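Participant: Now for the letters of each chain:
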Amino acid sequence: MRINTFDELNVVRNEYKKALELQKKQILICAGTGCVAGGSLVIHDRIKEILESKNIKCDVVLQHESHDESVGLKKSGCHGFCEMGPLLRIEPMGWLYVKVKVEDCEEIVEKSIIGNDPVERLVYSEDGKLYFKQEDIPFYKKQTRVAFEHCGHINAESIEEYIAVGGYSATKKALFDMTSEDIIKEISEAGLRGRGGGGFPTGKKWQQVYIQQEEEKYIVCNGDEGDPGAFMDRSMMEGDPHRVLEGMIIAGKATNAHNGYIYVRAEYPLAVKRLSKAIDDAREKGLLGKNILNSGFDFDINISQGAGAFVCGEGSALTASIEGNRGMPRVKPPRTAEHGLFYKPTVLNNVETYGNVAPIIINGAKWYSEMGPENNSGTKAFALTGNVNHTGLIEVPMGTSLKEVIFDIGGGVKGGEFKAVQIGGPSGGCLCLDAGHLDMSLDFDTLKSAGAMIGSGGLVVMNDKTCMVEVARFFMNFTQNESCGKCVPCREGTKRVLELLNDIVEGRGTMEHLELIEELSDTIKNASLCGLGKTATLPVVSTMKYFRDEYIAHVVDKKCPAGQCKALLNYVIDPELCKGCSKCSRVCPAGAITGEIRKPFVIDTSKCIKCGACMDACNFDAVKRV
Amino acid sequence: MSKYMIIDGIRVEFDKEKNILELVRKAGIELPTFCYYSELSIYGACRMCMVEDMKGNIIASCSEPPRDKMEIRTNTAMLHHHRKMIIRLLLASHDRDCTVCEKSGKCKLQELALRFGLHEVDFPGGNTNNKIHEIDKSSRAVIRDPNKCVLCGDCVRMCSEVQNVGAIDFAHRGSKMIVSPAFGKNLGETNCVNCGQCAAVCPTGAITVRSDTKELWKAIYNPNKRVVAQIAPAVRVALGEEFGLEPGTDVIGKIVSVMRRLGFDEVFDTSMGADLTVMEESREFLQKLKKGDREYPLFTSCCPAWIRYCETKHPDLMKYVSSCKSPMSMFGSVIKKYYEENVDDEREIVSVAVMPCTAKKMEAARDEFNIDGIRDVDIVITTQELSRMIKEIGIRFDEVEAESSDMPFALFSGAGVIFGVTGGVTEAVMRRVYEDGSSKVLREIEYTGVRGMEGVKEFTIPYGDENLRIGVVSGLANAEKLIEKIKNKEERFDLVEVMACPGGCVSGAGQPETMFANKAKRASGLYRSDKVSQFKCSQENPVVTKLYSDLLKNREKELLHVHYHYNK
Numbered sequence: 001m002r003i004n005t006f007d008e009l010n011v012v013r014n015e016y017k018k019a020l021e022l023q024k025k026q027i028l029i030c031a032g033t034g035c036v037a038g039g040s041l042v043i044h045d046r047i048k049e050i051l052e053s054k055n056i057k058c059d060v061v062l063q064h065e066s067h068d069e070s071v072g073l074k075k076s077g078c079h080g081f082c083e084m085g086p087l088l089r090i091e092p093m094g095w096l097y098v099k100v101k102v103e104d105c106e107e108i109v110e111k112s113i114i115g116n117d118p119v120e121r122l123v124y125s126e127d128g129k130l131y132f133k134q135e136d137i138p139f140y141k142k143q144t145r146v147a148f149e150h151c152g153h154i155n156a157e158s159i160e161e162y163i164a165v166g167g168y169s170a171t172k173k174a175l176f177d178m179t180s181e182d183i184i185k186e187i188s189e190a191g192l193r194g195r196g197g198g199g200f201p202t203g204k205k206w207q208q209v210y211i212q213q214e215e216e217k218y219i220v221c222n223g224d225e226g227d228p229g230a231f232m233d234r235s236m237m238e239g240d241p242h243r244v245l246e247g248m249i250i251a252g253k254a255t256n257a258h259n260g261y262i263y264v265r266a267e268y269p270l271a272v273k274r275l276s277k278a279i280d281d282a283r284e285k286g287l288l289g290k291n292i293l294n295s296g297f298d299f300d301i302n303i304s305q306g307a308g309a310f311v312c313g314e315g316s317a318l319t320a321s322i323e324g325n326r327g328m329p330r331v332k333p334p335r336t337a338e339h340g341l342f343y344k345p346t347v348l349n350n351v352e353t354y355g356n357v358a359p360i361i362i363n364g365a366k367w368y369s370e371m372g373p374e375n376n377s378g379t380k381a382f383a384l385t386g387n388v389n390h391t392g393l394i395e396v397p398m399g400t401s402l403k404e405v406i407f408d409i410g411g412g413v414k415g416g417e418f419k420a421v422q423i424g425g426p427s428g429g430c431l432c433l434d435a436g437h438l439d440m441s442l443d444f445d446t447l448k449s450a451g452a453m454i455g456s457g458g459l460v461v462m463n464d465k466t467c468m469v470e471v472a473r474f475f476m477n478f479t480q481n482e483s484c485g486k487c488v489p490c491r492e493g494t495k496r497v498l499e500l501l502n503d504i505v506e507g508r509g510t511m512e513h514l515e516l517i518e519e520l521s522d523t524i525k526n527a528s529l530c531g532l533g534k535t536a537t538l539p540v541v542s543t544m545k546y547f548r549d550e551y552i553a554h555v556v557d558k559k560c561p562a563g564q565c566k567a568l569l570n571y572v573i574d575p576e577l578c579k580g581c582s583k584c585s586r587v588c589p590a591g592a593i594t595g596e597i598r599k600p601f602v603i604d605t606s607k608c609i610k611c612g613a614c615m616d617a618c619n620f621d622a623v624k625r626v
Numbered sequence: 001m002s003k004y005m006i007i008d009g010i011r012v013e014f015d016k017e018k019n020i021l022e023l024v025r026k027a028g029i030e031l032p033t034f035c036y037y038s039e040l041s042i043y044g045a046c047r048m049c050m051v052e053d054m055k056g057n058i059i060a061s062c063s064e065p066p067r068d069k070m071e072i073r074t075n076t077a078m079l080h081h082h083r084k085m086i087i088r089l090l091l092a093s094h095d096r097d098c099t100v101c102e103k104s105g106k107c108k109l110q111e112l113a114l115r116f117g118l119h120e121v122d123f124p125g126g127n128t129n130n131k132i133h134e135i136d137k138s139s140r141a142v143i144r145d146p147n148k149c150v151l152c153g154d155c156v157r158m159c160s161e162v163q164n165v166g167a168i169d170f171a172h173r174g175s176k177m178i179v180s181p182a183f184g185k186n187l188g189e190t191n192c193v194n195c196g197q198c199a200a201v202c203p204t205g206a207i208t209v210r211s212d213t214k215e216l217w218k219a220i221y222n223p224n225k226r227v228v229a230q231i232a233p234a235v236r237v238a239l240g241e242e243f244g245l246e247p248g249t250d251v252i253g254k255i256v257s258v259m260r261r262l263g264f265d266e267v268f269d270t271s272m273g274a275d276l277t278v279m280e281e282s283r284e285f286l287q288k289l290k291k292g293d294r295e296y297p298l299f300t301s302c303c304p305a306w307i308r309y310c311e312t313k314h315p316d317l318m319k320y321v322s323s324c325k326s327p328m329s330m331f332g333s334v335i336k337k338y339y340e341e342n343v344d345d346e347r348e349i350v351s352v353a354v355m356p357c358t359a360k361k362m363e364a365a366r367d368e369f370n371i372d373g374i375r376d377v378d379i380v381i382t383t384q385e386l387s388r389m390i391k392e393i394g395i396r397f398d399e400v401e402a403e404s405s406d407m408p409f410a411l412f413s414g415a416g417v418i419f420g421v422t423g424g425v426t427e428a429v430m431r432r433v434y435e436d437g438s439s440k441v442l443r444e445i446e447y448t449g450v451r452g453m454e455g456v457k458e459f460t461i462p463y464g465d466e467n468l469r470i471g472v473v474s475g476l477a478n479a480e481k482l483i484e485k486i487k488n489k490e491e492r493f494d495l496v497e498v499m500a501c502p503g504g505c506v507s508g509a510g511q512p513e514t515m516f517a518n519k520a521k522r523a524s525g526l527y528r529s530d531k532v533s534q535f536k537c538s539q540e541n542p543v544v545t546k547l548y549s550d551l552l553k554n555r556e557k558e559l560l561h562v563h564y565h566y567n568k
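Protein sequences, first through last, are from chains A and B.
Sequential numbering of the first sequence, starting at 1, is according to our numbering.
Sequential numbering of the second sequence, starting at 1, is according to our numbering.
Rather than coming from a laboratory, the hints here were simulated on the basis of the structure.
Here the structure is a predicted model, which means the values were calculated and not measured.
Heads up, some of the hints might be wrong.
The calculated label-pair distances, taken between Cβ atoms and stated as ranges, are [to be verified]: (1) E39/B with T5/A: 53 to 59 Å; (2) E189/B with A435/A: 29 to 35 Å; (3) K273/A with P32/B: 46 to 52 Å; (4) K273/A with R67/B: 45 to 51 Å; (5) K176/B with K448/A: 44 to 50 Å; (6) G415/A with P32/B: 28 to 34 Å; (7) P334/A with A182/B: 41 to 47 Å; (8) I59/B with G415/A: 26 to 32 Å.
The following residues of chain A were derived to be distant from chain B, with all beta-carbon distances above 10 Å [said to hold, decoys possible]: (9) E91; (10) R330; (11) P373; (12) S483.
Even glycine gets a Cβ: it sits at the ideal position worked out from N, Cα and C.
Excised from the complex, chain A in its bound form (with noise of 0.2 Å):
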């Protein structure tokens, strides 16, 4: 049913929450990609299955017409914590089950649904400590959640759900109570920068696309998330898509433009299907269309999927994808302020600085510019991943220091110490302990003094066990994969410095590889056409600067100090400790280790593959990795 005017949205709104209200008890199933991978809509199906069998009304969809009391079954947004999802949350209490599996089930409702306990086992503890509600677990207690306010909290399949608790008034007061220069001035005023990792201004960019005399303009979101082991923008457009729709209905009217394309990888199919499920039904609420809520605004949205190249990420490249043509970005000026998409003033920016904008408008520039230090508000999604105890999805202000996010929110580094940080993606730098970095402020220009960047929130913490000449080399074959090709520097010269990066971890490295890697790394740096060829070489010159006697151990010395670099590493037995039980010779594939019975066994390294198998199946450690 369309909704016709403001004043209808305000009735439907009321409608909506009283339906809300109605349902005394919410099961909320994390449906983002890592819980569904966990099997979540399983345990969704089983619930639903359950409830019907004990005759309890359940509501998968909001009912808008009166109706008695219910429970509420919910597909809803990423929770973000997803190192111990399936997640399953119940309201009005708070609880938060953990690794829920579908046996779990019938006690869940029995207990929690049917009668008013939690199940204590599925709770998360930490310590011997049991935290019930959500908002208490450490992982969660340090957030502020903002832009993800709604992930994991209401269905996201549900536009009456997202109305219910307040979606679209931003829309309303954007489009009745504020001119165009009213909204960029709010957003100005907020402090908003890019959340893709350029870090621009986006109230400057929507100014600068004000001012463009056309009469055709795009709004485009980049939702071409590729960093590896980066998720926020899928969770984002996955858990909460209305919140990414409003905000480019909110950009629109600021710079009079009535088209917007949300640019989406293929390789995010809930993403995709939840973005347009959303733009279905804000097209047949009247939210996006003609004439929105009859304020004479036109807005609508289309999608459009990329086919999952890297450098799509960047503004150009996008836009040409999206027209069709090969994603590869194209020198500037002009900007794609001036000529974006279909050579017209386009604005560009990423999913999550989409979903700022809402609650922007509706609580205004100073309580947004209040959190972060200055010239950084607002908070911050990372995606937080490695050897971390906690990988997951959050949101904390910017300005939150290294340490809080690695140790209070993630609980502390994973099967060893802290080595080093890896933040922004392939493009992103290495921080480490002994620069100081532990107490470094998370926001765009304290990171960039430090020679990484945000980048789009990509947070990889590595332990001790990591060889930060294999990381560099991870990331160059990253790039190097996924160089568009166009111009000399990144094309050529990540190619040069992989091979130089494969040399040395195969112990064919020698000082000069040091000095021609930092030689092309200047140049790939300065001379590259865009963002991406212009950051490659971050993770490389950042672990040379941070950990260059690790470097220099692997050519002057030939060794791994993290003994990860199989090349240079050799298996032996120490005689003092193998008591000739022969195991390690059985498993050996290679046939590289021989000796008596109750003597010393001997791996004849020039036969030995470093598998490893040796040092797994011996009971006496007598198996080193030297």
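Here the structure of chain A is known, so what remains is to put chain B in place on it, guided by the hints.
Facilitator: Same frame as chain A, now just chain B:
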């Protein structure tokens, strides 16, 4: 006050320059580039044209508009390092068979390696060009060797932007990127029009014009073959460049002479063939006018690349394309017939055409261009190939005395000569249509707007009681725009001349490689030759008159016209 920039401390004023690079060159600094052509869109991929501003920012000068009072440097330690590194990187993955490369001596990469004094590839991985890409010899016009490609994209942009063909584009990513026809097909299997402009802009040997000189030498040295050649109008004003002469210098006499010394038995001038084309095309045009069939224009048919374009993109328009063969093929069939019927010689006739054009190689090989199995033209070589043949033998071109072409076809009109420049065919046809060779009328035609190197010329000329709408385009993208207007009924024309190469045949891909300015000089060269020609109009050429009363009598259709049967 005029605007200016400070480049390496020197004040350089600017006005219409679109980018800093043009200004740097204006300042007398030859900044190296691979991917910059003023005729093409800015690509910015080679990064050689970098300059540094006073804040130490590095800017690609090709894409940056000049700003008043901006100060830049083109020569700093950093820039030097980066430029050299880029050349090193390119060399490290480039084919190294320089000595036997078609482009050797004319290769931009080779030139820059020399300029930067690079004599070794100093990466530990060495040269990584493993020649994994197959050499594509499927096209009649060009040979594609992706192993020699530096991925500057000039060919891609030329093909799509100037020619609107898009037969080649980039495929794959990163260091695996190549320029290739879609789906890895061979060029010969695509809609490529064989214009060869991709080869003309290629800085290396990745796309080169197919050479047919080997076959030609064989024929020349074969005592059982009589090798008869014709030389296209545009060749005379360009070949001299290869031997240090000013662009536009008419060296037809020297060419005739030198070709005899190379071993050609007879040497003729295609301008004579062009005169026949004028006669036929004018007749066709007048007939069309008389019929009142004026919704669509008569399109000219001299350019084989245009024919191919029309066949592939606008097959519905083929019925409006003149049925005249090109001057080369008309002359080719006349030559073959002449020897067959009039000359008692046991030897087999080998008909050779020296052309500014690569598409002519394709035209000569087309099924339609033979009479009872006898090909109109057997071998087509380009201006460049001829220059190479001369160099191969070692004849000092500058010392060669001019000679005139052979009888019985030695006479030709100025109308035939100007076929080599855009608008030339139209002007020649008009001279015939007006049937008034007075200098007053000639001048009137000249000033209608038919001349000039612009890509699109539209004008109206009076004819009897009415006005004729004429369109002259060069560059197939320009043709496309005109066709669109015609199809949308926004414009109506009576005659449309299309030449695929921008500026006409003088800019053909078989010509010596050069900048656009030289092409305009070649065009002026042709107009000068027209000025001094004995006959201005084709109908005045006595050879033409003789042919019509003799050899061509009742055989015009058989010998001078063609029906294309394009089969996708």
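Participant: Does each hint hold? Answer for all of them.
Facilitator: Hint check results:
no., hint, in the structure
1, E39/B with T5/A: 53 to 59 Å, "56 Å, holds"
2, E189/B with A435/A: 29 to 35 Å, "58 Å, violated"
3, K273/A with P32/B: 46 to 52 Å, "51 Å, holds"
4, K273/A with R67/B: 45 to 51 Å, "48 Å, holds"
5, K176/B with K448/A: 44 to 50 Å, "32 Å, violated"
6, G415/A with P32/B: 28 to 34 Å, "52 Å, violated"
7, P334/A with A182/B: 41 to 47 Å, "29 Å, violated"
8, I59/B with G415/A: 26 to 32 Å, "47 Å, violated"
9, E91, "47 Å, holds"
10, R330, "7 Å, violated"
11, P373, "26 Å, holds"
12, S483, "4 Å, violated"
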